[in-house]
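Chemist: Residues per chain are reported as follows:
Number of protein chains: 2
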Amino acid sequence: MKVGIIGAGSIGLLFAAYISRVFEVTIYTRTAEQAAEINRRGIILQKGSEQTISIVSALPITEWKGTEALTIIAVKQYQLQSIIEKINHLSIMPENLLFLQNGMGHLKLLTNIQAKNIFVGSVEHGALKDNSYRVNHNGVGKTNVAVFNGDGLLLQQFSTRLSEEFPIEFQEDYYEMLENKLIVNAVINPLTAILQVENGELVNNPFYFNVLKNLFREISFILNLEKQEEHLQQIISICKNTAENRSSMLKDIEANRPTEIDAILGFLLEKAARQEKRAPQLETLYYLIKGKEAERGRLS
Amino acid sequence: MKVGIIGAGSIGLLFAAYISRVFEVTIYTRTAEQAAEINRRGIILQKGSEQTISIVSALPITEWKGTEALTIIAVKQYQLQSIIEKINHLSIMPENLLFLQNGMGHLKLLTNIQAKNIFVGSVEHGALKDNSYRVNHNGVGKTNVAVFNGDGLLLQQFSTRLSEEFPIEFQEDYYEMLENKLIVNAVINPLTAILQVENGELVNNPFYFNVLKNLFREISFILNLEKQEEHLQQIISICKNTAENRSSMLKDIEANRPTEIDAILGFLLEKAARQEKRAPQLETLYYLIKGKEAERGRLS
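If you're matching them up, the sequences are chains A and B in order.
Position 172, counted from 1, in the first sequence is what full-length UniProt numbering calls 172; the numbers after and before it change by one each time, with no gaps.
Position 175, counted from 1, in the second sequence is what full-length UniProt numbering calls 175; the numbers after and before it change by one each time, with no gaps.
Don't read these hints as lab results, they were simulated from the structure.
It is possible that part of the hints are untrue.
Copies of one chain are not kept apart here, so a pair can be met inside one copy or by any two copies together.
With a cut-off of at most 20 angstroms between alpha-carbon atoms, the simulated SDA-like pairs for lysine to any residue come out as follows [claimed, not checked]: (1) K47 x L59; (2) K277 x F221; (3) K277 x N214; (4) K240 x A294; (5) K65 x N117; (6) K65 x E50; (7) K213 x A294; (8) K2 x I55.
Build out the structure end to end from the sequences listed, making use of the hints.
Modeler: In structure tokens, the structure reads:
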């Protein structure tokens with residue numbers, strides 16, 4: 001089975017490194033330079049003190065034809081629009097597409113895609129891209145996947161052949177799966193990014209913990225959550241288990257990169273507006289993060 | 001006329017330097033060391049490139065007897081409780097007391113004071129303490145004063161004798177005077193302290209400006225403000241006129257000092273609670289600042 005991976009950021013490189021142990025992988029990069037680097041050097045995967053090199057074909061994204069049996073789309077949500085236009089202009093209809101974006105803002109885009117089977121995934125690995133061909137697998141986790149449209153036969157065949165080191169777990173309900181992750185991201189990401197603190201500080205500092213709980217209540221109200229206490233306990237566990245981690249949004253802000261704030265809080269604010277509910281805390285945090293992005297000249 | 005000044009921070013030193021040109025001033029310090037320094041060196045006032053030395057008597061606060069005709073209390077709001085206990089344990093009842101604290105949290109404390117005349121003031125000068133006896137007058141402004149209790153005769157005599165360089169302006173309504181300043185402080189101070197930006201950024205960055213306007217609306221609702229547009233325009237002008245200034249709360253956070261958050265947002269949150277109004281944005285900002293204070297070990 002041939003597998004295509006679109007996007008060679010930390011998640012794209014991580015998936016390419018593991019999947020190429022079993023399948024023939026082509027990774028599609030934004031720039032021709034990065035494709036050339038990967039073709040020359042392979043993808044170097046660092047996991048603890050262990051280093052492995054995977055030989056992977058790389059091509060610039062302009063060369064993607066959609067012919068692989070499965071294509072994994074590992075770009076950020078804010079880069080997705082241009083990929084979708086590309087999909088809908090392919091000369092063939094692609095068979096199986098797996099989308100790994102954070103948040104839920106991309107769901108409405110997926111309904112416009114012409115493809116046989118569409119899956120969504122939620123990645124629980126920690127990965128840090130060191131340079132254009134080297135990635136550090138610094139948080140071992142799993143990938144949850146679910147069918148968004150069509151059937152999941154091929155994805156099931158694919159995932160059973162992957163090693164236990166890189167597990168893929170099937171979930172029944174794509175909406176619930178993405179919502180679970182969204183709730184966690186919506187609480188942890190903006191607060192850690194604004195406060196510039198590690199995840200653990202949100203539960204160890206009693207004042208920040210108050211903010212966390214109030215924010216969670218506002219999110220619960222917007223999402224009409226039933227099992228509120230379970231969700232809150234999950235957030236608290238994740239803060240404790242990743243106490244010394246810096247969230248992806250904090251790292252984006254520190255590195256002057258755009259954040260995924262629209263995919264996360266933007267989605268919740270739209271949902272609030274459609275229900276005519278007020279969301280003053282989410283709105284404040286949304287604009288604070290948008291302001292931080294603009295402050296550093298990203299929007300110029 | 002003898003004048004006492006309690007507190008030798010930036011505002012205490014600034015007032016002592018100007019008032020001692022006309023009146024006999026004793027400044028009361030928290031530590032005996034600072035009193036000794038001031039007695040040895042005088043107070044050095046830097047204003048632009050001009051430097052003047054004022055000879056001022058200094059004593060530790062334990063030596064204060066309340067015998068001066070006017071005593072100006074220039075400590076932070078969170079230090080006020082112990083001063084008030086001191087006032088109420090003096091062997092004589094003091095004649096005239098002028099309180100210069102920010103916010104409005106101190107008003108309820110003032111009703112418990114045994115003194116003939118009580119005034120409150122709102123300082124619009126910028127002053128930066130360089131060391132225990134040197135202060136930089138880096139923002140020339142005025143001091144607004146108003147009668148809180150009793151009559152203002154002596155304060156009027158006092159203020160007419162001060163030079164035009166250091167004007168005191170009488171206001172009719174102490175509540176309105178303090179409220180005006182509170183509104184400005186409640187918007188500018190917490191936002192600049194959390195975002196770690198200069199005042200101008202709050203109006204120049206369109207996303208931060210959204211947060212500013214939403215926050216102002218919540219404050220207006222709590223204070224039942226009538227002339228909302230005027231207040232908002234005042235805040236915008238101040239942000240523009242002090243665009244490159246770092247607010248006092250930002251400086252406190254940066255210097256690991258306690259902030260005046262209780263006097264400012266704490267007061268507004270109490271007011272909201274008494275009216276059974278929700279104040280989600282103020283509450284979030286309040287806990288974020290309290291958390292910042294705790295984070296740096298100030299509460300330990």
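Chemist: Compare the structure with each hint and give your call.
Modeler: Consistency of the hints with the structure:
For the homomeric pair K47 and L59, neither the shortest alpha-carbon distance inside one copy (25 angstroms) nor that between copies (65 angstroms) is at most 20 angstroms. Taking identical chains as interchangeable, the C-alpha atoms of K277 and F221 lie at most 20 angstroms apart whether they share a chain (9 angstroms) or sit on different chains (18 angstroms). Both within a single protomer and between protomers do K277 and N214 lie at most 20 angstroms apart by alpha-carbon distance, with minima of 16 angstroms and 16 angstroms respectively. When the C-alpha separation of K240 and A294 is checked against a cutoff of 20 angstroms, the pair qualifies only between copies, where the shortest distance is 19 angstroms, while the shortest distance within a copy is 31 angstroms.
In the homo-oligomer, the alpha carbons of K65 and N117 lie at most 20 angstroms apart inside one protomer (17 angstroms), although the nearest pairing across protomers, at 85 angstroms, exceeds that limit. For the homomeric pair K65 and E50, neither the shortest alpha-carbon distance inside one copy (35 angstroms) nor that between copies (74 angstroms) is at most 20 angstroms. Taking the shortest Cα distances, K213 and A294 sit within 20 angstroms of each other only across copies (18 angstroms), while inside one copy they are farther apart (28 angstroms). In this homomeric assembly, K2 and I55 come within 20 angstroms of each other (Cα to Cα) only inside a single copy, at 14 angstroms, whereas the closest approach across copies is 86 angstroms.
Comparing the model with each numbered hint stated earlier shows that hints 1 and 6 do not hold.
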